[in-house]
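Chains as they are written, first to last, in our numbering: chain A, 7 to 514; chain B, -3 to 334.
If you are wondering where the hints come from, they were derived from the structure by calculation, not from laboratory data.
A few of these clues could be false.
[What the hints assert, rightly or not] Cut-off 27 Å, straight-line C-alpha distance, at most; resulting in silico cross-link-like pairs (DSS-like, lysine-lysine):
hint	chain 1	residue 1	chain 2	residue 2
1	A	K184	A	K160
2	A	K191	B	K292
3	B	K51	A	K191
4	A	K160	B	K292
5	A	K452	A	K409
6	B	K292	B	K51
7	B	K292	A	K189
8	A	K310	A	K465
9	A	K227	A	K114
10	A	K310	A	K261
11	A	K409	B	K51
12	A	K465	A	K160
13	A	K189	B	K51
14	A	K452	A	K227
15	A	K409	A	K81
16	A	K386	A	K343
17	A	K114	A	K191
18	A	K179	A	K191
19	A	K227	A	K191
20	A	K409	B	K253
21	A	K189	A	K114
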Amino acid sequence: MNSVDRRLFMKLAAAAGGTLLVSPNFAFAGEVDNLSIAWTTDTASWDPNQRLSPDPQTILKMVFDQPIDMTSDLKLTPGLLTEWTLADDAMSMHVTLRDDVTFSDGSKLTTEDFRYTFFERVNQGEELDIAVGFGTVSDIEILSPTEAVMQFSKPSPIVAQWLSFSASYVVSKAYAEKVGPEKMKTSPMGTGPYVLTEYQRDSRIVLTRRDDYWGDLPSAKQITIEIIPDPTARLAALESGTVDIATELSIRDVKRLEQGGTLNAVTNPIARIIYVTIRADGVFADRNVRLAAHHAVDKDLLSKAFFGGDAVTINQPTIPGMPSFLPDFHFDYDVAKAQELLAASGFGPDNPVTLDFATTNGQFPGDYDIARAVVTMWEKVGIKANLTVITESQWYELNASGKLPPASLFVWENGTGDPELFAGNMFDADLPFATYRTDEVTAMIKPLLKEPDYDTRIKGYEEFNQYLIEEGAMIPLLQAIQTIGYRNGIEIKPWANGLIRPEAITIS
Amino acid sequence: MFIAILRVIVRRLLAIVPVFAVVTVLVFGALRILPVDPAQMSLPPSATIEQVEAKREAMGLNRPIWTQYSMWAQAAITGDLGESAQYRTSTAAVVLDRLPATIELVICALIFAVCVGMTGGLLIFAVRGTALESVGLVVTSAVMALPDFLLALLFILLLGVLIPIFPVNGRLDPGMQVPSYTGFLLIDAVLTGDFRVIVSAFEHIALPVMALGLAFSPTIVRVLHASLINTYQQSYIQQARLRGLSDREILFGQALKNAIVPVVILVGTQFGGLFGGTLLVEMIFSFPGLGNLMVKAMQTADLSVIMAISLIYCATTLIFNSIADALAYLLNPRLRNG
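Here chain A stands alone, though its shape is the one from the complex (with noise of 0.2 Å):
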């Protein structure tokens, strides 16, 4: 072996020396000191538990820990849970949390913050989107500072996959009863792998690794996120340098970085959905008219047209690999078909049937335009649609007042890797979400809601996806695709529920 004298240990350090001033954000190997990362949007409250939108996701995961976590392509696997248990009748859970977890002020996770979370914020009449899956918790039981049992007003068989869902992060009790409702919209305290320690609103989010955490270490010591909402100035902060990692860059921008050079994209299939709604009444209520609607699509036109051909085009009102999906089951694109049922009706180009159809308008990548392509589609079979535009908001207060035009164009995320976060809730009559209200659908997803045995439920959702397809309840246009430009060094693993993990980057 051959010794090192005092010669050639100066030589190293002037080495290694060298290459820190070179190179500051040299680290260990692997590791980084800091990742920048353009996003597009900002969280609206740092109380993990108050929003279930996707896109502050990414950033309130690296500060707060979910009990249930998600494998990239959406399977449950342990997170601050060690083991979870349904009951039969699926009104119970038994859980088991890890026992060698604390929070970043030092104190320790116990079943107390974990009641705290899923039971008495809920119930304390906090404005909180986390009571949309744990609203039928009626209470928790704690047997142990790492055993609990939760207790269900009614048949709850996702519970596990809402643990695992958005805004579903555990908070810590004494914290949050010291600082109120109003501070944990400003300073977050969580588990995470992370802790907040720069803030400007709407432009710059600093994160400093904890290294007392208990999972496995992330590769980069600090992530800094730059909130930029335009795609061209994410573009340009990744070519600049700026960022090492910009989200929702265009397609077109993404089939130049895939060509090569200092950087590189890469597109993701998420788990969400681009989908026309239809409502069961007005001119819709005529079977061959919805049928015919859905066979005028051309979806592998739109794919082309608006993301490059990346997108998945879907005939189901899920994603292929999901729970429900049925490989073998096909909607053909057919002009002719289509044009068929509506002589049947009594409609053709001649005489085209009328409706309305509403679209968003930005609220998601070619949102406008993809609807604007749907109605020249359409109107080449006999079907005339007036687009207007209106927002997401609008939206529901149209759906909720009975007046949302036959049609439109929606998008709907489910990151649980469960079907009843897509046929479930987009048909539930008592959810506003629902535009196809009839009493078969009714039947049909009422018993699939509260039922507890797991094959029995899937097989319920296929039979029921199938149902909805074949009655014109729907039109499934498109699986959203995430692109992510990174710089050259940087490989990221990407999330099928689109969010960027940070121990999902690896640094070369």
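Position chain B against the provided structure of chain A, taking the given hints into account.
Chain B alone, transformed into the frame defined by chain A:
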């Protein structure tokens, strides 16, 4: 003279009050006409129709619109502008948090625009009657045709990516923090005395200021140029020439004093437009000000925030109109004598 100017300012400020009241009525009415339900917006998406109705009742949305306005106005006078549906917190706190950034941006942009506009106007006037004058006016027209958001994107590509001189987003380099003494970051940065922080703060605001200011400057160039040409046709300029004053003395000692009055009035009246221009410029540069907040509020139909920012825009326009009037009064003896 000072008392006379003060009288003008007070008179104009008093005139603002009824105008401002009318604007609040108009904005409040317009926002209530929108098919958006603030009650629905402030509740989780799973809220039932009964819960939304209860919230609507609690927010007074079922009452006649004039009762709603009266409730809003009474609360607004005490500083309560309602709760932001998006942030689920006090609207006043959300808006006041962003106001200093926008004020800094707009004032810097105004200074930049006036410097560029005045210099440009004087240079083009200096070469009047030559081909260079036409070139200058064509260039001015070309810049005038570019809206501020397009200039913002061009500056990002040119000075942020191709020749990366300036940062393209944020207000400071990562890791830099400035204690808040005044709430105005540039002033606070100067107060730290840390040269790196000061440079960083000015570097970060440079591109937004240039985009916003350059979009405004061609108008100043045009008005000053036209005003100078008009002024030079006045008899007192001919008399000055006969008295043997040099061109420089005539321009800066005689003509500019009068020629600048339309520019002052223009700057005052257009200041509100500059404020409005922050909407897209702030969004493009991720500048955490009112414009950025307004865009988000419009996207999420956050009515109380839209209302608050609209009123700030309105108040700013009215106040700067009054200041412009006072300055014109100060600069133009004919107005004082009249």
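Note to self: Check whether the Cα positions of A:K452 and A:K409 lie no farther apart than 27 Å.
What the structure shows: Distance of about 25 Å is within 27 Å: holds.
Next item on the list: Would you check the hint for A:K184 and A:K160, treating anything up to 27 Å between C-alpha atoms as holding?
Entry: violated (33 Å)
Notebook entry, point to check: Given the proposed pairing of B:K292 with A:K189, does the C-alpha separation stay at or below 27 Å?
Noted result: With Cα atoms ~22 Å apart, B:K292 and A:K189 stay inside 27 Å; holds.
Checklist line | A:K409 paired with A:K81 [C-alpha distance capped at 27 Å] | finding: Given that 27 Å is the threshold and the Cα spacing comes to 38 Å, the pair is violated.
Item checked: Straight-line alpha-carbon gap A:K160 to B:K292, limit 27 Å -> violated (38 Å)
Check: Are the Cα atoms of A:K452 and A:K227 separated by 27 Å or less?
Finding: Not OK: A:K452 and A:K227 at ~48 Å, beyond 27 Å, violated.
Next item on the list: Assess, step by step, whether the Cα of A:K409 is no farther than 27 Å from the Cα of B:K253, and give holds or violated.
Entry: violated (62 Å)
Checklist line | Pairwise hint evaluation, B:K51 against A:K189, where the allowed Cα distance is 27 Å at most | finding: holds (23 Å)
Note to self: For a C-alpha distance cap of 27 Å, please report whether A:K310 and A:K261 respect it.
What the structure shows: holds (13 Å)
Next item on the list: Could you grab the alpha-carbon distance between B:K292 and B:K51 and see if it respects the 27 Å cut-off?
Entry: holds (23 Å)
Note to self: Check whether the Cα positions of B:K51 and A:K191 lie no farther apart than 27 Å.
What the structure shows: Satisfied, since the Cα-Cα distance of roughly 21 Å is no more than 27 Å.
Margin query: So if I understand the rule, the pair passes when the alpha-carbon distance is 27 Å or less; does A:K189 with A:K114 pass?
Written below: holds (21 Å)
Consistency note: the structure conflicts with the earlier hints numbered 1, 4, 8, 14, 15, 20.
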